[in-house]
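Protein chains in written order, with this note's numbering: chain A, 616 to 862; chain B, 616 to 862; chain C, 616 to 862; chain D, 616 to 862.
A hint or two may mislead.
In this list, chains with the same sequence are indistinguishable; a pair is considered to hold if it fits within one copy or across any two.
To be verified - Here are the simulated SDA-like pairs of lysine to any residue, each with C-alpha atoms no more than 20 angstroms apart in a straight line:
#	residue 1	residue 2
1	Lys-739	Leu-711
2	Lys-726	Pro-672
3	Lys-658	Pro-757
4	Lys-726	Val-703
5	Lys-739	Ala-855
6	Lys-739	Arg-858
7	Lys-739	Asn-852
8	Lys-739	Glu-712
9	Lys-739	Met-853
10	Lys-730	Asp-779
If you are wondering where the hints come from, they were derived from the structure by calculation, not from laboratory data.
Protein chains: 4
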Amino acid sequence: MTSDIKDIRITIWNEYRHEQHNPRVAAIYPEGIHTTLAAALHKSGGRNIRTATLDEPQHGLIPDVLDTTDVLIWWGHTAHQEVSDEVVARVHSRVLEGMGLIVLHSGHFSKIFRKLMGTSCNLKWRESNDRERLWVVAPGHPITEGLGEYIEIEHEEMYGEYFDVPPPETLIFISWFSGGEVFRSGCCYTRGRGKIFYFRPGHETLPTYHHLEMQRVIANAVQWAAPTAGAPSTFGNMPALERSSER
Amino acid sequence: MTSDIKDIRITIWNEYRHEQHNPRVAAIYPEGIHTTLAAALHKSGGRNIRTATLDEPQHGLIPDVLDTTDVLIWWGHTAHQEVSDEVVARVHSRVLEGMGLIVLHSGHFSKIFRKLMGTSCNLKWRESNDRERLWVVAPGHPITEGLGEYIEIEHEEMYGEYFDVPPPETLIFISWFSGGEVFRSGCCYTRGRGKIFYFRPGHETLPTYHHLEMQRVIANAVQWAAPTAGAPSTFGNMPALERSSER
Amino acid sequence: MTSDIKDIRITIWNEYRHEQHNPRVAAIYPEGIHTTLAAALHKSGGRNIRTATLDEPQHGLIPDVLDTTDVLIWWGHTAHQEVSDEVVARVHSRVLEGMGLIVLHSGHFSKIFRKLMGTSCNLKWRESNDRERLWVVAPGHPITEGLGEYIEIEHEEMYGEYFDVPPPETLIFISWFSGGEVFRSGCCYTRGRGKIFYFRPGHETLPTYHHLEMQRVIANAVQWAAPTAGAPSTFGNMPALERSSER
Amino acid sequence: MTSDIKDIRITIWNEYRHEQHNPRVAAIYPEGIHTTLAAALHKSGGRNIRTATLDEPQHGLIPDVLDTTDVLIWWGHTAHQEVSDEVVARVHSRVLEGMGLIVLHSGHFSKIFRKLMGTSCNLKWRESNDRERLWVVAPGHPITEGLGEYIEIEHEEMYGEYFDVPPPETLIFISWFSGGEVFRSGCCYTRGRGKIFYFRPGHETLPTYHHLEMQRVIANAVQWAAPTAGAPSTFGNMPALERSSER
Numbered sequence: 616m617t618s619d620i621k622d623i624r625i626t627i628w629n630e631y632r633h634e635q636h637n638p639r640v641a642a643i644y645p646e647g648i649h650t651t652l653a654a655a656l657h658k659s660g661g662r663n664i665r666t667a668t669l670d671e672p673q674h675g676l677i678p679d680v681l682d683t684t685d686v687l688i689w690w691g692h693t694a695h696q697e698v699s700d701e702v703v704a705r706v707h708s709r710v711l712e713g714m715g716l717i718v719l720h721s722g723h724f725s726k727i728f729r730k731l732m733g734t735s736c737n738l739k740w741r742e743s744n745d746r747e748r749l750w751v752v753a754p755g756h757p758i759t760e761g762l763g764e765y766i767e768i769e770h771e772e773m774y775g776e777y778f779d780v781p782p783p784e785t786l787i788f789i790s791w792f793s794g795g796e797v798f799r800s801g802c803c804y805t806r807g808r809g810k811i812f813y814f815r816p817g818h819e820t821l822p823t824y825h826h827l828e829m830q831r832v833i834a835n836a837v838q839w840a841a842p843t844a845g846a847p848s849t850f851g852n853m854p855a856l857e858r859s860s861e862r
Numbered sequence: 616m617t618s619d620i621k622d623i624r625i626t627i628w629n630e631y632r633h634e635q636h637n638p639r640v641a642a643i644y645p646e647g648i649h650t651t652l653a654a655a656l657h658k659s660g661g662r663n664i665r666t667a668t669l670d671e672p673q674h675g676l677i678p679d680v681l682d683t684t685d686v687l688i689w690w691g692h693t694a695h696q697e698v699s700d701e702v703v704a705r706v707h708s709r710v711l712e713g714m715g716l717i718v719l720h721s722g723h724f725s726k727i728f729r730k731l732m733g734t735s736c737n738l739k740w741r742e743s744n745d746r747e748r749l750w751v752v753a754p755g756h757p758i759t760e761g762l763g764e765y766i767e768i769e770h771e772e773m774y775g776e777y778f779d780v781p782p783p784e785t786l787i788f789i790s791w792f793s794g795g796e797v798f799r800s801g802c803c804y805t806r807g808r809g810k811i812f813y814f815r816p817g818h819e820t821l822p823t824y825h826h827l828e829m830q831r832v833i834a835n836a837v838q839w840a841a842p843t844a845g846a847p848s849t850f851g852n853m854p855a856l857e858r859s860s861e862r
Numbered sequence: 616m617t618s619d620i621k622d623i624r625i626t627i628w629n630e631y632r633h634e635q636h637n638p639r640v641a642a643i644y645p646e647g648i649h650t651t652l653a654a655a656l657h658k659s660g661g662r663n664i665r666t667a668t669l670d671e672p673q674h675g676l677i678p679d680v681l682d683t684t685d686v687l688i689w690w691g692h693t694a695h696q697e698v699s700d701e702v703v704a705r706v707h708s709r710v711l712e713g714m715g716l717i718v719l720h721s722g723h724f725s726k727i728f729r730k731l732m733g734t735s736c737n738l739k740w741r742e743s744n745d746r747e748r749l750w751v752v753a754p755g756h757p758i759t760e761g762l763g764e765y766i767e768i769e770h771e772e773m774y775g776e777y778f779d780v781p782p783p784e785t786l787i788f789i790s791w792f793s794g795g796e797v798f799r800s801g802c803c804y805t806r807g808r809g810k811i812f813y814f815r816p817g818h819e820t821l822p823t824y825h826h827l828e829m830q831r832v833i834a835n836a837v838q839w840a841a842p843t844a845g846a847p848s849t850f851g852n853m854p855a856l857e858r859s860s861e862r
Numbered sequence: 616m617t618s619d620i621k622d623i624r625i626t627i628w629n630e631y632r633h634e635q636h637n638p639r640v641a642a643i644y645p646e647g648i649h650t651t652l653a654a655a656l657h658k659s660g661g662r663n664i665r666t667a668t669l670d671e672p673q674h675g676l677i678p679d680v681l682d683t684t685d686v687l688i689w690w691g692h693t694a695h696q697e698v699s700d701e702v703v704a705r706v707h708s709r710v711l712e713g714m715g716l717i718v719l720h721s722g723h724f725s726k727i728f729r730k731l732m733g734t735s736c737n738l739k740w741r742e743s744n745d746r747e748r749l750w751v752v753a754p755g756h757p758i759t760e761g762l763g764e765y766i767e768i769e770h771e772e773m774y775g776e777y778f779d780v781p782p783p784e785t786l787i788f789i790s791w792f793s794g795g796e797v798f799r800s801g802c803c804y805t806r807g808r809g810k811i812f813y814f815r816p817g818h819e820t821l822p823t824y825h826h827l828e829m830q831r832v833i834a835n836a837v838q839w840a841a842p843t844a845g846a847p848s849t850f851g852n853m854p855a856l857e858r859s860s861e862r
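The shape of chain A in the complex, shown without the other chains:
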């Protein structure tokens, strides 16, 4: 049953535009957010890590890549509309089959997250270097392993409620912002056989993904979201299991 991170096939998808066009972002993530996350997951024991980006053919998410991915991590912001519907449909189908999905920060507005949630996924925001403090509200949950009672981030973009998503099946973190807002920052869902984790922090102009506790949460979430060989599911027209079912 157990998933060791070294056996989990991880694919990190990144839009990878800000880093190429905005020197301020490039200074923080010179080889892209995906590369920083890949290095962090490697340090956490990951041994099967790939990356993919928007401007690769099929955004790097050809069927063979997705079919051999256990957990997909998604960061996007400025070009959600450029992600092809065909690739979104493929990712969606893989999640229902059991592939884990970790959606980061501005990925709340990605096509794939909105398709899985069925809502607008809208929220309040402010680029103003608020202090953020993520409080753990599910302290026995594996995603919180190794953390303290809260994670503090010196400066982050603010996201505020109401966050228009379905009520999380498990709520892991609630963020406090110095500007006066709160946010449900760690939200677990299941869709079909797949597990989904939305994790709020990660504005591109700030060094959030270099933060060791952020890296720890993402590594924990990879292990939580990895597929388990649960029971099979079949659909369609079925004969009765009991003989005298009609009276």
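Keeping the supplied structure of chain A fixed, place chains B, C and D upon it in accordance with the hints.
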């Protein structure tokens, strides 16, 4: 806060094809399932009831109709693909704004239900006149008002698990079928400000919607799903509420 | 199905000790918190409102009072241990039968709330006049009717996470505190046929229950928690419903 | 993060009365249900398995045993009232600290389960050798690993709805009974830092726990319920985290 059914603006949408082309169905619902449901809701006290069908312009769901609908009831089966994406988007947007939605039986595969759920909504089925017994598993819930411990339907189409929907926020009914299957037959969800109730029974070749307890559940669900004047929601870029939010 | 507040039989239970022994509290609630709440509910349309206090015989909660109560409101703080186990068992039994229960502020540590939750109900606290802002995270919910996007309280005692309760079935409010904490401040549960709402604010040395929006939330919660005539429940040894159940 | 079953410290608690006084039960479980379960868990890879029974001093659950238990399995039926409140309080406290708890069959009426649930835990029952079919309704969940779409048990005692427990946080199995009933047979809860799994089958006069799929579910549940080293929790009076928290 309370919603009296006489004040709720109800629209019943029906595909209305089987009734026109299949004499067996026409014998049961000569003026269409929508007309039978409208009469039942009128008997339950509804005074603001309209119907709409697939073959009307814009399927009868022009903006003005949806904008003045509190609760929309949906029955479809054979022509889900003929429902225009534009109308689906309009219904979806109204649900997020607070319009209630009651999805009946084969409506599980409608575009609007799948869009709101984010999953395949697939299931097992068998047209074989099973006996169905819907057990109440949330006995204090308003949707169960006036019922006994279970509802028995002499003959119904079987729907069996696994039903590929997100875990219901509240599960109201579980069906037992004589052929050996079970099904989560009454499922409550919220999406945005809207309430959604999926209710399983209602195969077109059987007189299910003439059943008084079915009618009672649907009338109860209309009252449960009616919008309440809850708190407003705003989205987008927001100034800080606290003065010294940056340090 | 609908519950008009004028028909709901409300009993407000208050420990009523601080008001009699602490002049600072008496200045704010000269006739007790229960009397202030009763007046507020009367202004909201309540016409069937009683109060009961700890020092009355059986704490004012004799069987006849509980049997004719639809919704019980509970405020206690300093004398939880003085509430008799017999009265707690009676309240517990009535909740399972369908009586609504609204637990306020320091009532989180009451015997009845801990018995219904099954957990320690522990939390962090600080008497330091923090500013509190309760954000609505379920904007279509009837408990939020008539509110804005948040409620602001100039000064309140802080309660902070982790709050050791079962995950709420519906989370309505999340509090932001100026001292840096967050709290799940409006939590809905069902136990048996009864509905339970925990609502955080209300420290005795501050005029919180004179706040109109607090009063509005409590009146809304009374209507939400009022029992509905749902399906009956029977328990124990039962004959089979199907003839040939053994093979 | 991952828990290998060989490292999990398992304690199996059994009332162990039927087996000693009823020859029919003794024929099926000659050394007690606990010994059968211990052997099954050993076959599944468990290497740290102890048993404890009612008639041992302190029911075999002295502080040192509980303090070194990761997952406790509980089977009781005829003597729930003989379990001392002190031992129940100790188990309760350990669950809130993170110890997993698996409650089997008639354990639904045990003191510890009722204390954790906060409800009556009542249900319908019939000793009549119904056929039971447990359908998986959460097919990606680790507790279902290695199972088919359902588990069939030739003969079992019937348990029927309404089952008076809080709505499960995750519902894993729904049982179909040949007599016409359904039951929520696999229910997951969290209380404090602990995970709880209620699993329905296991009447003492039938060989249910010799069934390989039953054994598989219990072994899976042990791994799911094992504590994870999540975030710490502290409670009580706390200084502010922000400097200027009062205005």
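Okay, the hints, checked on the actual structure:
no.: 1; hint: Lys-739 to Leu-711; verdict: between (29 angstroms within a copy, 17 angstroms between copies)
no.: 2; hint: Lys-726 to Pro-672; verdict: within (18 angstroms within a copy, 30 angstroms between copies)
no.: 3; hint: Lys-658 to Pro-757; verdict: within (19 angstroms within a copy, 27 angstroms between copies)
no.: 4; hint: Lys-726 to Val-703; verdict: both (7 angstroms within a copy, 17 angstroms between copies)
no.: 5; hint: Lys-739 to Ala-855; verdict: between (51 angstroms within a copy, 11 angstroms between copies)
no.: 6; hint: Lys-739 to Arg-858; verdict: between (57 angstroms within a copy, 18 angstroms between copies)
no.: 7; hint: Lys-739 to Asn-852; verdict: between (46 angstroms within a copy, 6 angstroms between copies)
no.: 8; hint: Lys-739 to Glu-712; verdict: between (32 angstroms within a copy, 17 angstroms between copies)
no.: 9; hint: Lys-739 to Met-853; verdict: between (48 angstroms within a copy, 6 angstroms between copies)
no.: 10; hint: Lys-730 to Asp-779; verdict: both (13 angstroms within a copy, 15 angstroms between copies)
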